[in-house]
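Chains U, B and X, in that order, are what the protein sequence lines are.
With my numbering, the residue at position 102 of the first sequence is 102, and numbering never jumps.
With my numbering, the residue at position 173 of the second sequence is 173, and numbering never jumps.
With my numbering, the residue at position 207 of the third sequence is 207, and numbering never jumps.
One thing to keep in mind: the hints can contain errors.
Below are the BS3-like pairs computed for lysine-lysine, each with C-alpha atoms no more than 27 Å apart in a straight line [stated by the list, open to error]: (1) LYS340(B) <-> LYS168(B); (2) LYS83(B) <-> LYS78(X); (3) LYS229(U) <-> LYS139(U); (4) LYS83(B) <-> LYS245(X).
Ranges of calculated distance between the beta carbons of each label pair, as one might list FRET restraints [unchecked claim]: (5) VAL49(X) <-> GLU182(B): 28 to 36 Å; (6) ALA266(U) <-> LYS262(B): 52 to 60 Å; (7) ARG30(X) <-> ILE34(U): 52 to 60 Å; (8) ASP209(B) <-> ILE34(U): 51 to 59 Å; (9) ASP65(X) <-> ILE99(U): 23 to 31 Å; (10) GLN95(B) <-> ALA49(U): 51 to 59 Å; (11) ALA353(B) <-> VAL61(U): 23 to 31 Å; (12) ILE261(B) <-> ARG30(X): 54 to 62 Å; (13) VAL49(X) <-> ILE136(U): 17 to 25 Å; (14) ILE34(U) <-> LYS340(B): 50 to 58 Å; (15) ASP189(X) <-> ARG97(U): 32 to 40 Å; (16) VAL49(X) <-> LYS178(B): 35 to 43 Å; (17) LYS221(B) <-> SER44(U): 34 to 42 Å.
Partial list, derived from the structure: chain U residues whose beta carbon lies under 7 Å from chain X [what the hints assert, rightly or not]: (18) ILE14; (19) GLY16; (20) PHE17; (21) ILE31; (22) VAL32; (23) VAL42; (24) PHE81; (25) LEU100; (26) GLY102; (27) PHE108; (28) ALA109; (29) ALA113; (30) PRO165; (31) PRO199; (32) ARG211; (33) TYR216.
Everything labelled a hint here was simulated from the structure, so no lab data went into it.
Glycine included, each C-beta is placed from N, C-alpha and C at the ideal position.
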Amino acid sequence: MGSLKPARKKNRVIPGFGLSMGVTLSMLSLIVMIPLLSIFVVLSDVGPADLWKAISDPQAVAAYKISLLCALAAALVNAVFGTILAWIIVRYRFPGRRILDGLIELPFALPTAVAGIALTTLYADSGWIGRLFAGIGVKIAYTPVGITIALIFIGIPFVVRSIQPVLEKLDGQYEEAATMLGAGLLRTFRRVVFPEIRPALLTGFGLAFARGLGEYGSVIFIAGNIPYKTQIVPLVIMSKLEQFNYGAATSIALVMIVFSFLTLFAINFIQSRLNHAAKGAEN
Amino acid sequence: MGLKRMNGMNGFKELNGLKKRALLSLTLLVAAAPLAACGSNASTTGAAADTQGASADASKPASVEITNVSYDPTRELYEAYNKIFQTHWKEKSGQDVTIVQSHGGSGKQARSVLEGNEADVVTLALEQDVAELEKGGLIEPGWVDEFDKQSSPYTSTIVFLVRKGNPKGIKDWDDIVKPGVEVITPNPKTSGGARWNFLAAWAYAQEHDGSDEAKSTEFIKNLYNNVTVLDTGARGATTTFVENKQGDVLLAWENEAFLSIKEHPDDYEIVTPSISILAQPSVAVVDEIAKKRGTEEVSKEYLQYLYSDEAQKLAGDNYYRPSNPDILSQFSDTFDLDLKLVNIDDDFGGWEAATEKFFADSAIFDQIYQK
Amino acid sequence: MSDPNPIPPNPASIPQPAAAARNTARAQGRTARLVLIALGVLFILVMLVLPLITVCVYALKQGWDVFSNAITDPYAIKALQLTLLATAAAVICNTVFGLFASWTISKFHFRGKQFLTTLIDIPFAISPVIAGLVFILVFGRIGWAYDFLQAHDLKVVFAVPGVILATIFVTFPFVARELIPLMQAQGSDEEEAAALMGAGWWTIYRKITLPHIKWGLLYGIILCTARALGEFGAVSVVSGHLRGKTNTLPLHIEILFSEFQLTAAFAVSSILVAAAIIILILRNIVEFKGRKEEHEHVR
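Looking at chain U on its own, in the form it has when it is part of the complex:
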């Protein structure tokens, strides 16, 4: 952590750096970093051969693919609908808007197991929605589509609530002006709104994606859990633990953590570049 020094290039005028950095780092290390390090402590007992064997196990590899694709699909759907939702909640006035606004957090408050059971009930081919699709021969529950639906459910608050505060800060006058000037809706959005919400959208997307990768409780009910077809990575980890195989479980967990970290890091990096570019353009 020695590298967390103030960059010399830019002078710091605002006081309080040491204190806030101190609090941030100590809380972060106590609650997140030190416990996480124990994964490496366990892994140090696992030889490289066993580590590789655990992470390259064909069932695990198939599960990586399923988890990645489903989480990606869900995050993309959430990015689109999350933006639409944030937009209509902030910009439009219509009956039921406040209720809509209020519903957004519910996926968090509902225990994931309950969400999973409720979603499965709905989307199984005897359920209200599943029945409609079963009529045209599409199966939702117990397929990767079902997994994606569960991940959309748990990820939507991330996108909406990331974008919403930024949209609220953003002055509607620019959009109005752009519209007044005759710019089309999509054009207004692309040129005026999108650059402003882009960092927040990226954050929301990244978080929904990362959360989707690790989600367990709601997915296992709707997934079907058939190896090579609908088995997600957290389930593989669980089944290793169930065999008291801590080494294999933490090895696969490590893959997940590294992957999530890289995704989030990439997003943070892009975001800061964008911020930088925006600042540069202003000056």
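Please arrange chains B and X on chain U, whose structure you already have, making use of the hints.
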């Protein structure tokens, strides 16, 4: 510009000192908060341990508390049992006993005890789960013979739950491997209970194929290829079958199948196959914890009393097969007592061998799904 | 993404077409508004409202008595108390962290900033299963701190502190995550100006930063609360499911479910739904009042 820079440098120096102090004091502060919470918690448990420790030699304290870590569908059984045991213990020793219950998947529960969940007794679904605790040094070897009937006061078996009227005409194991029959069973890798399902099917295959391994493997393969949803636990599988109407047949523990029938009497029926397996849940005193807390005596009696007539009847009422043959015969209306039952020790050479052969990584179960 | 309106907006030089364009744009705006609202509402209906209705339908399936028995069960009430305690701890801890972390990251320049930001996000990305496991690997019987804890007769996992720690862990980044983008969008010009005028950090924070971020802060706290109420996976691993002691409400629900008491399980879930709705109503009231005052202030 120069002034600004100096300002920044000074600020930096100052901040560095501040940063150090802040880091140190905050680390302590943040560390102290949860510790304080533990401290208050520990002091109460410590006190409890003290009073219990004293009980061993001098006069007994007025009350004692034990924790029973059990598996999923035993809650009603133990809720009823704890009441009669409290009365029994009061009569026997004059002490009030409180029993804290914990329920969850059997393997998960065993793991939590291994990881430090302080149970005085465990009442789990598989002998193997208790054996893991023995390996971890929590339970002394020889626990299997500490109580009667290999420490299984009640047993169960695997039966089929089918939809009312049995539309697919399922009578026995060979009916459920036919193409077009959809089977629901939990994953034996994540559910201890599901291992019984697997082994019961294997036992049938062995009997019909004259113990030909390759043929039995083929049979199991066909069976699991008919499985459309492989839930992580028995309860999840039941929901999939009962609430979400998936599949034609659910491989279920007998006691759970009865519970489903009780809940939906008009929708399902139980089919007993020609051969099944004797599922023996295991009970044991967790010696390390009971010794530490001075609860050995009450813990032992808690498990011993499960064999009393009263407790055996309770087991029967909760759809477990009492291990006492006299009591079991009283339940002949409920259970099919003619069902041929194989058992894990005689027919599979014990859990360790069975796990190695069927459920370990790349063993027979994994091969089913390998392309 | 093709531009649907190819007319170049150049109102000063060619007023006539611009007026036409404006009208088209307005009409477009109206249609778009309808389409977007319809899409948003439909999405919410299918993805959120229907599952909620399912929960309620199940909760009341066996009548009011079963429902009220389930939610007044002493173990359910104990579980609710523990859930509220863990939630309160998580909200306080994570708000403090969020305020400091977002300030550090958005107002200062230092090396390794993106790395730090990513570390903060880590609890989101970690499977709840793993989150619980790491605490076991520290404080459990197989963990490296176990001997120390035993020597001092302390219990962390399979006791209340473990439940609280796990809840804090999974909700750790919520407030920070909500505030960082907001503060970054805000920039630090105002704070810098104040600092140059000699204001201390606390004054700057209170007078300048906080007013800008208060709605974001509110969102963060609400998200954190909601997530802490519903947290299941990580807590499930460290709790030990001791009834009346370390069972939170979501764990109680799972136990009911495993015991074939689907109706009771959904009934208890509806407590959590109700709790979430109450919080959201509170938020709306606070927000509404706050904004009204802001408007009056401006006038």
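If you draw a straight line from the CA of LYS340(B) to the CA of LYS168(B), is it 27 Å or shorter?
-> Within the cut-off at roughly 23 Å; holds.
CB of VAL49(X) to CB of GLU182(B), is that within 28 to 36 Å?
-> holds (31 Å)
Interface hint status, ARG211(U) versus chain X (Cβ within 7 Å) | holds (5 Å)
Can you let me know if the beta-carbon spacing of ARG30(X) and ILE34(U) is within 52 to 60 Å?
-> Between ARG30(X) and ILE34(U), where Cβ atoms are some 56 Å apart, the hint holds.
Pairwise hint evaluation, LYS245(X) against LYS83(B), where the allowed Cα distance is 27 Å at most = It holds: about 19 Å lies between the C-alpha atoms, which stays within 27 Å.
Verdict for GLN95(B), ALA49(U) (Cβ pair) under range 51 to 59 Å | holds (55 Å)
Restraint check, 7 Å cut-off on beta carbons, for PHE81(U) near chain X | With Cβ-Cβ at 5 Å, under 7 Å, it holds.
Against chain X, is VAL32(U) within 7 Å by beta-carbon distance?
-> holds (6 Å)
Once the shortest beta carbon distance from PHE17(U) to chain X is found, is it less than 7 Å?
-> Hint on PHE17(U): holds, closest Cβ of chain X at ~5 Å, below 7 Å.
Look at the Cβ atoms of ALA353(B) and VAL61(U) and judge whether their distance stays inside 23 to 31 Å.
-> Hint holds: Cβ distance 29 Å, inside 23 to 31 Å.
Lying within 34 to 42 Å: is that true of the beta-carbon distance LYS221(B) to SER44(U)?
-> Check passed, 39 Å falls within 34 to 42 Å.
Would the hint on GLY16(U) stand, with a C-beta cut-off of 7 Å toward chain X?
-> With Cβ-Cβ at 3 Å, under 7 Å, it holds.
Comparing the model with each earlier hint shows no violations; every hint is respected.
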